[in-house]
Amino acid sequence: MTELTFVPTVFIVDDDPSVRTAVRRLLASVGLPSESFETATDFLKRAESGITGCLVLDVRMPGPSGLDLQRALNAAGQDIPIIFVTAHADVPLTVRAMKAGALEVLTKPFDDQALLDAVYQALEKERVRRHDRQELHKLREHFDMLTGREREVMALVVTGMLNKQIAGELGTTEKTIKVHRAQVMHKMEADSLAELVRMADRLGLSSGD
Amino acid sequence: MERIAELIGRESSARRESALSARLGAGALWWFGIGATLFAVNLIGFHLLMIPSEPRMAIIWPANAILLAAFVSTPSRHWIGLAAVALVARLAIVFSTPLPVDATLAAAAGNLAQPLAAATCLRYWGSPRALFRSLSGITAFVALAAVAAPAIGSVVTAIALWMAGALADVSQHVRLRFVTNVLGTLTLGPPLILLMLRSGPPTRAWMSRAGEFALLLGALAAAERLAPLAAEGTIITSLLYLPLPFLLWAAVRYGPAGVSLALLLIMLLRFNATALGSSGTGLMPGSLAQMQLVLIAMALPFFFLAALYRERRDVEQALRVEHERYGLATSAGGVGVWDWNLETSDIYVDPALKRLLGYADDEIQNRLDDWGQHVHPDDVPVVMSESVDHIEGRTPAYEVEHRMLHRDGSIRWFVARGVVVERADGRALRMIGTDTDITERKATEQALERAQNDLARATRLSEMGELAASIAHEVNQPLCAIVANAAAAQRYLAHETLDLDQIRAALEDVARDGKRASDVIRRTRGLFERRKIDAAPLQINGIIVDAIALTRSAAETANVRVKTDLQAELPFVKGDPVQLQQVFVNLLNNAVTSMSTAVSGAATLTIASRCDDRTIRVAVHDTGTGIPFSDPEEIFRPLVTTKPDGLGMGLPMSRSIVEAHGGHLWASKNDGPGTTFHVALPVS
Numbered sequence: 498m499t500e501l502t503f504v505p506t507v508f509i510v511d512d513d514p515s516v517r518t519a520v521r522r523l524l525a526s527v528g529l530p531s532e533s534f535e536t537a538t539d540f541l542k543r544a545e546s547g548i549t550g551c552l553v554l555d556v557r558m559p560g561p562s563g564l565d566l567q568r569a570l571n572a573a574g575q576d577i578p579i580i581f582v583t584a585h586a587d588v589p590l591t592v593r594a595m596k597a598g599a600l601e602v603l604t605k606p607f608d609d610q611a612l613l614d615a616v617y618q619a620l621e622k623e624r625v626r627r628h629d630r631q632e633l634h635k636l637r638e639h640f641d642m643l644t645g646r647e648r649e650v651m652a653l654v655v656t657g658m659l660n661k662q663i664a665g666e667l668g669t670t671e672k673t674i675k676v677h678r679a680q681v682m683h684k685m686e687a688d689s690l691a692e693l694v695r696m697a698d699r700l701g702l703s704s705g706d
Numbered sequence: 212m213e214r215i216a217e218l219i220g221r222e223s224s225a226r227r228e229s230a231l232s233a234r235l236g237a238g239a240l241w242w243f244g245i246g247a248t249l250f251a252v253n254l255i256g257f258h259l260l261m262i263p264s265e266p267r268m269a270i271i272w273p274a275n276a277i278l279l280a281a282f283v284s285t286p287s288r289h290w291i292g293l294a295a296v297a298l299v300a301r302l303a304i305v306f307s308t309p310l311p312v313d314a315t316l317a318a319a320a321g322n323l324a325q326p327l328a329a330a331t332c333l334r335y336w337g338s339p340r341a342l343f344r345s346l347s348g349i350t351a352f353v354a355l356a357a358v359a360a361p362a363i364g365s366v367v368t369a370i371a372l373w374m375a376g377a378l379a380d381v382s383q384h385v386r387l388r389f390v391t392n393v394l395g396t397l398t399l400g401p402p403l404i405l406l407m408l409r410s411g412p413p414t415r416a417w418m419s420r421a422g423e424f425a426l427l428l429g430a431l432a433a434a435e436r437l438a439p440l441a442a443e444g445t446i447i448t449s450l451l452y453l454p455l456p457f458l459l460w461a462a463v464r465y466g467p468a469g470v471s472l473a474l475l476l477i478m479l480l481r482f483n484a485t486a487l488g489s490s491g492t493g494l495m496p497g498s499l500a501q502m503q504l505v506l507i508a509m510a511l512p513f514f515f516l517a518a519l520y521r522e523r524r525d526v527e528q529a530l531r532v533e534h535e536r537y538g539l540a541t542s543a544g545g546v547g548v549w550d551w552n553l554e555t556s557d558i559y560v561d562p563a564l565k566r567l568l569g570y571a572d573d574e575i576q577n578r579l580d581d582w583g584q585h586v587h588p589d590d591v592p593v594v595m596s597e598s599v600d601h602i603e604g605r606t607p608a609y610e611v612e613h614r615m616l617h618r619d620g621s622i623r624w625f626v627a628r629g630v631v632v633e634r635a636d637g638r639a640l641r642m643i644g645t646d647t648d649i650t651e652r653k654a655t656e657q658a659l660e661r662a663q664n665d666l667a668r669a670t671r672l673s674e675m676g677e678l679a680a681s682i683a684h685e686v687n688q689p690l691c692a693i694v695a696n697a698a699a700a701q702r703y704l705a706h707e708t709l710d711l712d713q714i715r716a717a718l719e720d721v722a723r724d725g726k727r728a729s730d731v732i733r734r735t736r737g738l739f740e741r742r743k744i745d746a747a748p749l750q751i752n753g754i755i756v757d758a759i760a761l762t763r764s765a766a767e768t769a770n771v772r773v774k775t776d777l778q779a780e781l782p783f784v785k786g787d788p789v790q791l792q793q794v795f796v797n798l799l800n801n802a803v804t805s806m807s808t809a810v811s812g813a814a815t816l817t818i819a820s821r822c823d824d825r826t827i828r829v830a831v832h833d834t835g836t837g838i839p840f841s842d843p844e845e846i847f848r849p850l851v852t853t854k855p856d857g858l859g860m861g862l863p864m865s866r867s868i869v870e871a872h873g874g875h876l877w878a879s880k881n882d883g884p885g886t887t888f889h890v891a892l893p894v895s
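Protein chains in written order, with my numbering: chain A, 498 to 706; chain B, 212 to 895.
The hints are simulated quantities; they were obtained by calculation from the structure and are not laboratory data.
Please read these numbers as outputs of a predicted model, since none were measured by experiment.
Heads up, some of the hints might be wrong.
Unchecked claim - Here are some chain B residues the structure puts well away from chain A; computed CB gaps all over 10 Å:
#, residue
1, TRP242
2, ARG344
3, VAL366
4, ARG605
5, VAL694
6, ALA700
7, TYR703
8, ASP720
9, ARG727
10, ALA819
Claimed, not checked - Selected chain A positions facing chain B (Cβ under 10 Å, derived; list incomplete):
#, residue
11, PRO514
12, SER515
13, GLN575
14, VAL582
15, THR583
16, ALA584
17, PRO606
18, GLN610
19, ASP614
20, TYR617
21, GLN618
22, LYS622
23, GLU623
24, LEU693
For each residue, glycine too, the CB sits at the ideal point set by N, CA and C.
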């Protein structure tokens, strides 16, 4: 099972070493693994090798700021949940961060429970998203096993057409279609037509033509 | 506005007047016209105005008056031409009169002498326009043109005629000719001079005045004709004074020229009546010469009266214009005049001033106590003490700003200015001054003052707010670490197996960060304290070289080239090497930062030291982004920074260090890109 390989990590980016150490210690006290970085640039380097978890990000840092890093991650298609922490929060900054997709903006010194709640929420979000991604991955694998004819049949089945109509459409007999249809249901591991329709939807098969 | 337009109109119509000669110039037409006129009047003189008795003499000689007017109204450079024309016109008469040629020439030369002499004298007196508008002008005209010049002319002519052999009794000739010439100048001189100086077409007012004048002359002629008939030859001498009312009328309404023309008419009528005997009643007994003398004597006072009256009217007119200007100026400026008689406590108060307070002139009496009631009660003491100070000679002028009460209950601000104008035995008798309404200026001043106070307060608040924010930021970092460590320790304590190492480490960090937070606060307080300087003689170049070494890596990272231009063997400076080094490190760091965002490669930092006149000067020159404010001083204000993560305290601190060393630190914008910071330190 791929879910077992998911090791969520809390990434911390803050220029203040005391804050980095303290936050890592707090996370460790509840058993959460973490990694910390002094600058946004350091974190971006690490992100290249693949990251899973969430990001606790300081806003005001020398060099690229937390908001700059958020922009860079968005641009790279990296949608890791971000919790901003700042020693001096103002409304415009909070609005900008939230608009760009931040999960939470915490003001230093923050309540330990508030940080942990935000981290759990972020990890849950990441887990769900990861699960969804894995589901989709599995569906793709199944769909890839279908033959060309089977794909054609599946595309028409999910529109709600009867076997006879599909046979007419594809210029073959109803019996052949019935065989293809059973094959599709088996390969896609679908228990019902309703489930197959849902799968087609997630795979992005257009229900028209 | 209408009054202004009227005033302007009055000025420009005066300017439009120009002399006849200026209009026609030296045009041929003008010369010909003068010549023809002179020829014609010579003929008239010879044929119509001759007294029919021996020796032959005209009753008046118009040619002389015409020449006089021509000379007076033309520039002197044309006088020779005028004289030539006059001679030619006169010679032309030779062929139409029975007089011998040499006698005619002699008389012509003599006649020319009179207007020339008169015009020369009048030119020295002044503008011919003013001749008939003042007592001094009419006196000059009568004395010079009507008496002196005829005397000269008569003597010259008589001598010329005698030399030409055309004269037996010189003294009689002089006497007769003199009287004729005086009468000619008086009757024709003023109207002709004014006529030649006039320009432009007659105005409507002029036409109606001409109509009245025609009426005057008509009435005069009728009286002259009818009076002798009514009198039936009874009290003939009393009729001598018959023209007086008409002369008075002419003098008052038409000035000296009017008197002249009335006199001319009387003379011609009587000449006609007496010499030719047309009326036959003998109004004027005695010779025509006597008549001339009587008329001259009668008319002279009226010339003076007319000029005096004209002068007075001109003065009144000027006064009225002045008064209107003054009224306009004061009403527009919200100014009113007062005139305070210190003896009687009467005070004349300009009605405009009362109007400014909403009162009519008669609603406030011109008494000090009544006027004083309108001064704001709170300001009465200062007004009184200031005026007394000036009255007693302690101040050169009285000037005080005070409030006055408007009729509608509002308060108006005035500035009162005055000065004592009369003193007797060291005592002030009279003070004159103005009150100017400055209510609006005062309101503006007060609004400005309020705005400045608000701004200063807002600036202070904002500076304090920013400082508080930056302190909060510095303190919140360690506090954040403390809270997180404490929470972590608590959670470790809740574990079943205690991880004492972690707990100990967390508590150690709590202690360390607590100390760090307190350091931040102490450092912040230090910003505002006056530092003590550990003064020692030092070489500024050494400090600079050390500062460059300390900032070398930053400069290399930003790809900035550092150039030095240090003057060798500079005198010593007394100061704290650590603090001064801090100043230069700060300036160098600023320069490097400003150039790291500039175009790379062109970035050069130059630091130069010089000594002049007991002062060591160091300039830190960069080619960076420069100061984004119009006033370079702006960047020395606390919390002002151009760096994204700057605190805005570096330059104010550097400046306070340099000033504590008795020096100066300032910035200037370069001609090219970037900024130069200057440090001036006194030589120890």
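Now the hints, each set against the structure:
Every C-beta of chain A lies more than 10 Å from that of TRP242 (chain B), the closest at about 94 Å, which supports listing it as non-interface. Against the 10 Å criterion, ARG344 (chain B) stays outside the reach of chain A, whose nearest CB is about 83 Å from its own CB. Listed as a non-interface residue, VAL366 (chain B) keeps its Cβ farther than 10 Å from every Cβ of chain A; the least gap is roughly 111 Å. No beta-carbon of chain A is positioned within 10 Å of the beta-carbon of ARG605 (chain B); the least distance is around 63 Å.
Chain A draws VAL694 (chain B) into its interface by the beta-carbon criterion, the shortest separation being 4 Å against a cut-off of 10 Å. The claim that ALA700 (chain B) is not at the interface with chain A is violated, since a C-beta of that chain comes within 10 Å of its own (minimum 8 Å). Distance to chain A contradicts TYR703 (chain B) as a non-interface residue, since its nearest Cβ pair spans about 5 Å, not more than 10 Å. Separation of ASP720 (chain B) from chain A is inadequate, the least Cβ-Cβ distance of about 6 Å not exceeding the 10 Å criterion.
Chain A draws ARG727 (chain B) into its interface by the beta-carbon criterion, the shortest separation being 7 Å against a cut-off of 10 Å. Every CB of chain A lies more than 10 Å from the CB of ALA819 (chain B), the least distance being 31 Å, so the non-interface label holds. Hint on PRO514 (chain A) holds. Least Cβ distance to chain B is approximately 9 Å, under the 10 Å limit. Here the hint on SER515 (chain A) is kept, as its CB sits about 4 Å from the closest CB of chain B, short of 10 Å.
Because the beta carbon of GLN575 (chain A) sits about 25 Å from the nearest beta carbon in chain B, more than 10 Å, this interface hint is broken. Because the closest C-beta pair between VAL582 (chain A) and chain B is about 8 Å apart, less than 10 Å, the hint holds. Annotation: THR583 (chain A) was flagged as interfacial toward chain B, and the flag holds, the nearest CB pair being 9 Å apart, inside 10 Å. Proximity of ALA584 (chain A) to chain B holds as hinted, the smallest CB-CB distance being about 4 Å (cut-off 10 Å).
Interface restraint check for PRO606 (chain A): the shortest CB-CB distance to chain B comes to about 4 Å, inside 10 Å, so the restraint holds. For GLN610 (chain A), the interface hint holds, since its Cβ comes within 10 Å of a Cβ in chain B; the closest pair sits about 8 Å apart. Given hint, ASP614 (chain A) at the interface with chain B, is violated; its Cβ is 13 Å from that chain's nearest Cβ, farther than 10 Å. For TYR617 (chain A), the interface hint is violated, since its Cβ never comes within 10 Å of a Cβ in chain B; the closest pair sits about 14 Å apart.
Annotation: GLN618 (chain A) was flagged as interfacial toward chain B, and the flag is violated, the nearest CB pair being 18 Å apart, outside 10 Å. Below 10 Å, beta-carbon pairs count as interface contacts, and LYS622 (chain A) has none with chain B, the closest being about 23 Å; its hint is therefore violated. At its closest, the beta carbon of GLU623 (chain A) sits 22 Å from a beta carbon of chain B; the interface hint therefore is violated under the 10 Å criterion. Here the hint on LEU693 (chain A) is broken, as its CB sits about 48 Å from the closest CB of chain B, past 10 Å.
In the structure shown, a violation is registered for the earlier hints numbered 5, 6, 7, 8, 9, 13, 19, 20, 21, 22, 23 and 24, in ascending order.
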